[in-house]
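Based on these hints, arrange chain B on the given structure of chain A.
Protein chains: 2
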Amino acid sequence: MNLISPVREINWTQSEKKIARRVFESALSRQLASITARTKQMLEDDSADVWAVHDYLTQQRKEIDRVYDYRYSMLIFVFARLLRDGWVRESDLDGLSREKVNEIQHIARIR
Amino acid sequence: MNLISPVREINWTQSEKKIARRVFESALSRQLASITARTKQMLEDDSADVWAVHDYLTQQRKEIDRVYDYRYSMLIFVFARLLRDGWVRESDLDGLSREKVNEIQHIARIR
Numbered sequence: 001m002n003l004i005s006p007v008r009e010i011n012w013t014q015s016e017k018k019i020a021r022r023v024f025e026s027a028l029s030r031q032l033a034s035i036t037a038r039t040k041q042m043l044e045d046d047s048a049d050v051w052a053v054h055d056y057l058t059q060q061r062k063e064i065d066r067v068y069d070y071r072y073s074m075l076i077f078v079f080a081r082l083l084r085d086g087w088v089r090e091s092d093l094d095g096l097s098r099e100k101v102n103e104i105q106h107i108a109r110i111r
Numbered sequence: 001m002n003l004i005s006p007v008r009e010i011n012w013t014q015s016e017k018k019i020a021r022r023v024f025e026s027a028l029s030r031q032l033a034s035i036t037a038r039t040k041q042m043l044e045d046d047s048a049d050v051w052a053v054h055d056y057l058t059q060q061r062k063e064i065d066r067v068y069d070y071r072y073s074m075l076i077f078v079f080a081r082l083l084r085d086g087w088v089r090e091s092d093l094d095g096l097s098r099e100k101v102n103e104i105q106h107i108a109r110i111r
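Chains as they are written, first to last, in this note's numbering: chain A, 1 to 111; chain B, 1 to 111.
Bear in mind the hints are in silico, worked out from the structure with no lab data behind them.
The reader is advised that the hints may include incorrect statements.
Said to hold, decoys possible - Taking lysine-lysine and the BS3-like style, the derived pairs with C-alpha atoms no more than 25 Å apart in a straight line are:
no.	chain 1	residue 1	chain 2	residue 2
1	B	K40	A	K62
2	B	K62	B	K40
3	B	K18	A	K40
4	A	K40	B	K17
5	A	K40	A	K18
To be verified - Far from chain B, some chain A residues (derived; all Cβ distances over 10 Å):
no.	residue
6	W12
7	Y68
8	R84
Values in this document were obtained by computation on a predicted structure and should not be read as measured data.
In this text, a Cβ means the ideal position worked out from N, Cα and C, and glycines have one as well.
Here chain A stands alone, though its shape is the one from the complex (with noise of 0.2 Å):
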């Protein structure tokens, strides 16, 4: 397989930029809909313990300001990391170029 190298420049055409955009926003808003439920299932718990839900979310900030990092020298590793995770579909990533999604698929099944 042909793979792009990190270290050379990676082109986004214009109309990728917006799809790209639209992925990046999309599984930010699935993963905190999900720490959201996670936060109020721990609450519902009667003997709930209000500081470690605190400390979950510390952790879960920390990991998503860590995660999400929206440079386009960075977004191929950053989709390949939420693709992973399940927080991107493949089908997100249609209209990206045939490259792009390769390398994705590819850093998701090796990291």
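Same frame as chain A, now just chain B:
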């Protein structure tokens, strides 16, 4: 009024120590229940921002850690603060010496 000086040693009898512990724990339970309820309420909103919830909990946790100081030298001030804020009720203080109750009430009014 003959007020206890903050610098002089305040004597707590064994029975007062038991009451103090109960007052302290009850106030903390009430306040944590209130924080939990508020957190749930914030999450009820469909447009809930889970990081706003996280910020709220961070701030509340700092405040709780700061206020709830179970040192006998500090308890009069802690209880005064909690009385003023409504987490301790006057009736909770039954069984403490008249001098201590007066002092707590006095500080609660002036702070």
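Hint-by-hint comparison with the structure:
1. About 22 Å separates the Cα atoms of K40/B and K62/A, which keeps this hinted pair within 25 Å; it holds.
2. Between K62/B and K40/B, the direct Cα distance comes to roughly 19 Å. Compliance with the 25 Å bound is thereby established for this hinted pair.
3. Distance hint between K18/B and K40/A is unfulfilled; the C-alpha atoms sit about 36 Å from each other, more than 25 Å.
4. Note on K40/A and K17/B: the hinted pairing is violated, with a Cα-Cα distance of about 37 Å set against a maximum of 25 Å.
5. Taking the CA atoms of K40/A and K18/A, the gap is about 33 Å. The hint is violated against a cut of 25 Å.
6. Every C-beta of chain B lies more than 10 Å from that of W12/A, the closest at about 28 Å, which supports listing it as non-interface.
7. Taking the minimum C-beta to C-beta distance to chain B, about 12 Å, the non-interface status of Y68/A holds against the 10 Å cut.
8. Even its closest Cβ contact with chain B, about 23 Å, leaves R84/A beyond 10 Å, as expected for a residue assigned away from the interface.
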